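Mind docking chain B on chain A? Use the hints.
Residue numbers (our numbering), protein chains in the order written: chain A, 1 to 242; chain B, 1001 to 1362.
Hints were generated in silico from the structure; no laboratory data involved. Remember, predicted model here, so these are calculated numbers, not experimental data. Accuracy of the hints is not assured; some may be wrong.
[Unchecked claim] If you want the footprint, here are the derived chain B segments under chain A, 3+ residues with CB under 8 Å: (1) 1186-1193; (2) 1239-1248; (3) 1278-1288.
The beta carbon of each residue, even a glycine, is placed where N, CA and C say it ideally should be.
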Amino acid sequence: MKAIIIDDERLARLELRKLLQEFPEIEVIDEAVNAEEAISKIETAQPDLIFLDIQMPGKTGFDMLAELDKTPHVIFTTAHHEFALKAFEVNALDYLMKPVEPKRLADAIQKLQLSESKEVRTETEYTNNSILTENDQVFVKDGERCWFVKLSDIRLFESVGNYAKVFFGTNKPLILKSLNALEERLDEKTFFRANRKHIVNLRMIEKIEPYFNGGLLLDLKGGEKIEVSRRQTVKFKEMMSL
Amino acid sequence: MVNFNFAGIFIATMSKNKLYWILQVGGWGLVGLVMLLFAHIYDVQIRTDVLLKRITIVFFAGIITTHALRAVIKWSGWMLLPVEKALPRLLVAVLFTSVLFSVLILGSIEIFNLSTESKQQISFFQKVLGSTIDNGLFIFPWLMIYYFYHYYNKSRRQQLDTLKLESLVKELELKTIKAHINPHFIFNSLNSIRALVDENPQRARKAVTELSNILRSSMQTEKMETVPLEKELHIIKDYLALENMRFEDRLKVVYEIDEDTLDQPVPPMMLQTLVENAIKHGISKQINGGVIKVVSDFKDNYHELVVQNTGQLNGSVNTEGFGLSSTTNRLNLLYGDKARFEIKQINGSLVEARVLIPVEIH
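Next comes chain A alone, as it looks inside the complex:
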């Protein structure tokens, strides 16, 4: 696994590197000292894992994650846990307290490998890096609340001005991305542009009904009803009929 360490303190990076020597499966390919540097390094090197300090000058670790199109696996490192956990709705993140206990680090890495092996990825998924697959996760930050969301858990994207509302579970936070930009990055086999304002996850459709003007009405698992425009209905039918 390729990893990048992001921390503004040289000694903290050095210490983590030293601890990681015990884990040959983790290869530290680079380091970054702030969010800006980290974003460019993550986008070019595409690491599988980042170790991320939350409090950094300029942008915090959370701000940085929200700017990434897709996030690698993240293990947070922090000296103060209140700050890290306050922001999280779901406690499903891994964080290490500095100074890091080697046992905790081993647990976190083991947990990561387990979840990695569960995600059966086919070779084809790697062919085009700019397209996000169902297994990719995105980091969503809405004010004080943050989530890691797998694309497969997202039912619907709705355009709200320059923002997009992301529907998953019972949440619908806003992200600063246009629907057109999203459409370009999403896998069209799973995510379908139903009309000007909506992109739906095809696996989240519960029922399809005919609608006015030869359009369709999709009932999603969360109860949302989305109209498919006439033009898109033709495309939708083509896709569905083999």
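Positioned in the frame of chain A, the structure of chain B alone reads:
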């Protein structure tokens, strides 16, 4: 009178205004019922419709006059006075209300021609005088109920306020102790020390000493009102040395200390709090780091302490932060309004915290 017990039961569940009207209507309704009962028992010679009309008059006159009495009590703020001052005023008010009550009843009886006497032998004035004494027997208990209900409520509220205040003081004390040494700082330092153990064992050993010094003095100084500046400066130097180990070339420290000020008494850990704030809100947020400058000198009759740091003052976060409000509080406790504390942006990239402590002239 009976209603007083109900009051206690309903307080919690009902809005005060609703309770007031229920008691008003209930109380005066009860008076009407008693009148009806008496007329029945003593077999008073009176026509039923006249009796009912008179009872109605008493009912409404009672509500109107006591409602006016309540308005006067509210407006005058008598409830806020101590009992011995409020009682004479209330007794006068009872008298006035009783007169008003009688005038209303007797006036209505005249107007609606409900008088029971065949001939008018007594003058209206005399009748008012007589019935005022009677009616006082209604108004006085009314006022007592009203007054003691509010008195009881007020004292309960005061008890609650005292409790709240006590818990707030405790919380503040606790926060002060915690605020002195930030756990974030301790763990980050320990993390750096661990990395240094291999890289620079000499520096690591020194860092352990510095950290111990800070922890020790933060525990000791809790008990002292003031310490000599020199002692406080030792802590600050240890503290900044540790921060320097973390931030490396991102932190530069400059001291400008007038040696004559070293003996001056200062509140313990106050300058330390300001320096810690300068790191937390200033240096640690700058990608390229910055400078911290600590100044101590005399200015007129004041001992001036200044902490400057690279950074931007971000109004709401900084001025309401605990470090700053605790600084103001501690100065207030020790020197009253003679000491001063301010924090401001002095140019585009520098924030300055300044404390002025009056110098005692011997």
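To see whether the hints hold, each was checked on the structure:
Counting residues of the region 1186-1193 of chain B whose C-beta lies closer than 8 Å to any C-beta of chain A gives 5; at least three are required, and the coverage claim holds. As drawn, the region 1239-1248 of chain B meets chain A at 4 residues by the rule of a beta-carbon pair under 8 Å; at three or more, the given contact holds. Counting residues of the region 1278-1288 of chain B whose C-beta lies closer than 8 Å to any C-beta of chain A gives 4; at least three are required, and the coverage claim holds.
Violated hints for the displayed structure: none, as all numbered hints are satisfied.
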